[in-house]
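Participant: Chain by chain, the residues:
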Amino acid sequence: MALLARRNLFHDRIRFAVTLTGIVFALVLIIVQFGLFLGFTTTTSNNIDHSHADLWIVFHGVGYFDTGRMFSERKFYEVLATPGVQHAEKYIQNFANWKKPDGGMENIQVIGFHPGSGLGEPWNLVQGDVMDVKQEDGVVVDELYKEKLGVSKLGDRVEIGDHRARIVGFTRGIRSFTTSPFVYTSFKNSLDYTRPEAREDQLAYILVKTEPGVSPEKVKSNLIARVADVDVYTRDEFSRRTQFYWMFTTGAGLAVLTAALMGLIVGIAVVAQTIYAATMDHIREYGTLKAMGATNGYLYRVLIEQAVWSAVLGYALAMVIAHFLVQASEKGGALILMPASMAVGMLFLAVAMCITAAMVSINKVTRLDPAMVFRG
Amino acid sequence: MANAVSFAQTVIRAQGLSKVYGAGTTELRALSDVDLEIRSGQLTLLMGPSGSGKTTLLSILGCILRASSGNLELLGEDVTALPENALPRLRRELIGFVFQGFNLFPALTAAENVALALDLRGIRGKDASRRAGELLVEVGLKDRMHAFPADLSGGQKQRVAIARALAGDPPILLADEPTAALDSTSGRTVIELLLRLAHQHARAVVMVTHDPRVLSYGDRILHLEDGRLVREELPRKELRLSTRFPESAVATHFSETFPGEF
Chain V
1 MALLARRNLF HDRIRFAVTL TGIVFALVLI IVQFGLFLGF TTTTSNNIDH SHADLWIVFH
61 GVGYFDTGRM FSERKFYEVL ATPGVQHAEK YIQNFANWKK PDGGMENIQV IGFHPGSGLG
121 EPWNLVQGDV MDVKQEDGVV VDELYKEKLG VSKLGDRVEI GDHRARIVGF TRGIRSFTTS
181 PFVYTSFKNS LDYTRPEARE DQLAYILVKT EPGVSPEKVK SNLIARVADV DVYTRDEFSR
241 RTQFYWMFTT GAGLAVLTAA LMGLIVGIAV VAQTIYAATM DHIREYGTLK AMGATNGYLY
301 RVLIEQAVWS AVLGYALAMV IAHFLVQASE KGGALILMPA SMAVGMLFLA VAMCITAAMV
361 SINKVTRLDP AMVFRG
Chain H
1 MANAVSFAQT VIRAQGLSKV YGAGTTELRA LSDVDLEIRS GQLTLLMGPS GSGKTTLLSI
61 LGCILRASSG NLELLGEDVT ALPENALPRL RRELIGFVFQ GFNLFPALTA AENVALALDL
121 RGIRGKDASR RAGELLVEVG LKDRMHAFPA DLSGGQKQRV AIARALAGDP PILLADEPTA
181 ALDSTSGRTV IELLLRLAHQ HARAVVMVTH DPRVLSYGDR ILHLEDGRLV REELPRKELR
241 LSTRFPESAV ATHFSETFPG EF
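Chain order of the listed sequences is V and H.
Heads up: the first sequence is residues 1 to 376, going by this note's numbering.
Heads up: the second sequence is residues 1 to 262, going by this note's numbering.
Hints were generated in silico from the structure; no laboratory data involved.
In this text the structure is predicted, and so the values were computed from the model without any measurement.
Check before you lean on any hint, since a few could be wrong.
Computed from the model, here is a short list of chain H residues facing chain V with C-beta under 8 angstroms [to be verified]: (1) Phe7; (2) Ile38; (3) Leu75; (4) Val79; (5) Leu82; (6) Pro88; (7) Arg89; (8) Arg91; (9) Arg92; (10) Phe105; (11) Pro106; (12) Gly122.
We put the CB at the ideal spot given by N, CA and C, even for glycine.
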């Protein structure tokens with residue numbers, strides 16, 4: 001039985017290549033589409049997830065990470081005085097114009113944080129020093145956007161909102177979920193770049209580190225009771241809300257999700273058609289087996305074994321291709337993510353798709369009239 | 001032998017077998033009130049024009065098609081009312097099939113084709129390999145065990161198919177025009193092999209054929225017309241001599257291997 005299953009697969013190498021191609025195409029399509037979805041989703045909340053803050057405090061009604069609504073610095077001191085708060089930092093995000101050295105303009109998102117605080121800082125710094133953003137004109141950008149921003153090395157000079165800026169560091173892999181790259185600088189600089197008219201006592205977010213051993217939920221309750229007109233979220237809550245907003249409220253994510261679901265449907269259809277065609281190629285042989293006394297259970301096992309072999313081999317090839325695509329995407333504008341759970345899930349999906357497709361064929365095979373074998 | 005039978009034992013008894021396809025205006029009566037008995041140790045030929053119901057009858061006798069009415073007994077067991085899921089067992093234990101188109105599995109070697117039939121019966125591994133080898137030796141294919149069907153001649157393919165049909169040591173062999181696609185030399189080899197299996201091993205061999213060259217080999221010839229069994233013949237000695245396949249090296253091989261049989 002096992003021999004027949006394997007030989008039927010491998011004997012006709014062209015047929016087998018076609019089968020594998022179909023499965024690999026389907027799996028890669030699904031991996032890419034869901035990888036893009038995951039990449040986009042993760043990108044929307046990247047700054048929150050890497051903030052090292054236990055709690056995020058925003059103006060009341062601001063439920064996601066975007067241009068935060070400004071509120072008074074007085075809230076910041078109320079937060080610092082709240083029981084359970086070990087440390088808090090001001091944080092801001094706002095849009096600004098970036099004037100490239102060649103005179104061209106780009107829209108950017110300026111992130112203002114307190115250097116050295118450990119909260120809300122850029123991560124994956126590959127060049128420069130994050131503390132240099134304390135300098136009056138120091139900014140950090142991601143190397144992905146070098147070309148877009150017209151810079152190539154540390155020390156390059158640009159203008160942000162009519163203020164001078166100088167590149168003091170490059171990060172790797174911090175993407176923006178919009179067309180405007182993130183530019184990290186000190187909180188003070190960020191106000192100069194984005195709200196020159198604003199006083200320094202205005203801020204958009206407060207990032208909180210809770211005392212060791214104190215539950216963030218408990219501190220959240222304390223903050224809600226003590227500080228008026230703000231919303232308090234744990235990091236995970238704020239991350240989920242932000243992802244949900246960008247993925248489902250704006251419609252941008254919905255398009256990516258729809259593409260991912262379409263990829264899944266097309267993938268299943270391709271696999272189903274491929275496995276079905278491979279089975280139908282051998283339909284007369286299955287009829288012969290039935291005539292020889294094979295039970296339906298025997299035929300099930302042959303077909304399922306073939307399906308599992310197809311799935312596992314197709315999966316292995318798809319993973320190799322997907323690995324290269326994922327690596328390539330790290331240097332491109334659209335990130336494709338394939339976490340380990342997704343890789344494992346794809347194996348189960350591949351096996352499930354192939355077996356499901358085989359079941360359609362099985363239905364045909366088990367309904368075969370064994371008398372067909374007598375007909376020329 | 002799992003299903004040992006003695007010579008001249010009735011292994012198939014059919015009474016009033018009829019088969020109707022479709023219903024109403026599209027009704028087609030393929031078989032009408034066929035009564036017959038098939039005994040072990042005999043080669044029975046089923047003859048008749050196209051559409052006379054030969055293959056339908058063979059399919060019913062082989063338990064791969066159900067009769068619309070009538071009774072069928074195999075080795076004394078009434079199989080007419082058996083549920084569908086009991087029929088595969090009967091086919092494995094009592095019946096071996098030989099098809100006109102050989103129906104070998106192209107991805108398997110000759111030995112593996114035979115071993116597959118053993119696998120269906122739960123015989124695997126070395127036991128299956130040994131038994132498959134024995135069966136292929138029995139049909140004269142000792143040197144072609146590891147050849148794929150594509151590398152075998154038509155006659156060799158049919159002999160592999162016969163070895164496969166013998167895997168379950170069945171008392172009944174049903175063959176559908178096994179010589180039709182073969183040249184005279186291969187045809188002779190195959191018919192003589194089937195005859196030997198009937199005469200030496202007490203198998204009941206039922207063979208559908210259009211081939212006049214095999215008439216002389218039959219112990220009985222049953223003629224079907226329009227789904228009815230119209231007559232039975234016992235071939236005359238002179239017919240046996242005049243219409244047989246011409247002598248061939250393969251035939252000589254069998255005559256020498258099984259002296260006195262042919």
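Participant: So, against the hints stated earlier in the document, which numbers end up violated here?
Facilitator: As far as the earlier hints go, 1, 2, 3, 4, 5 and 12 are violated by this structure, in ascending order.
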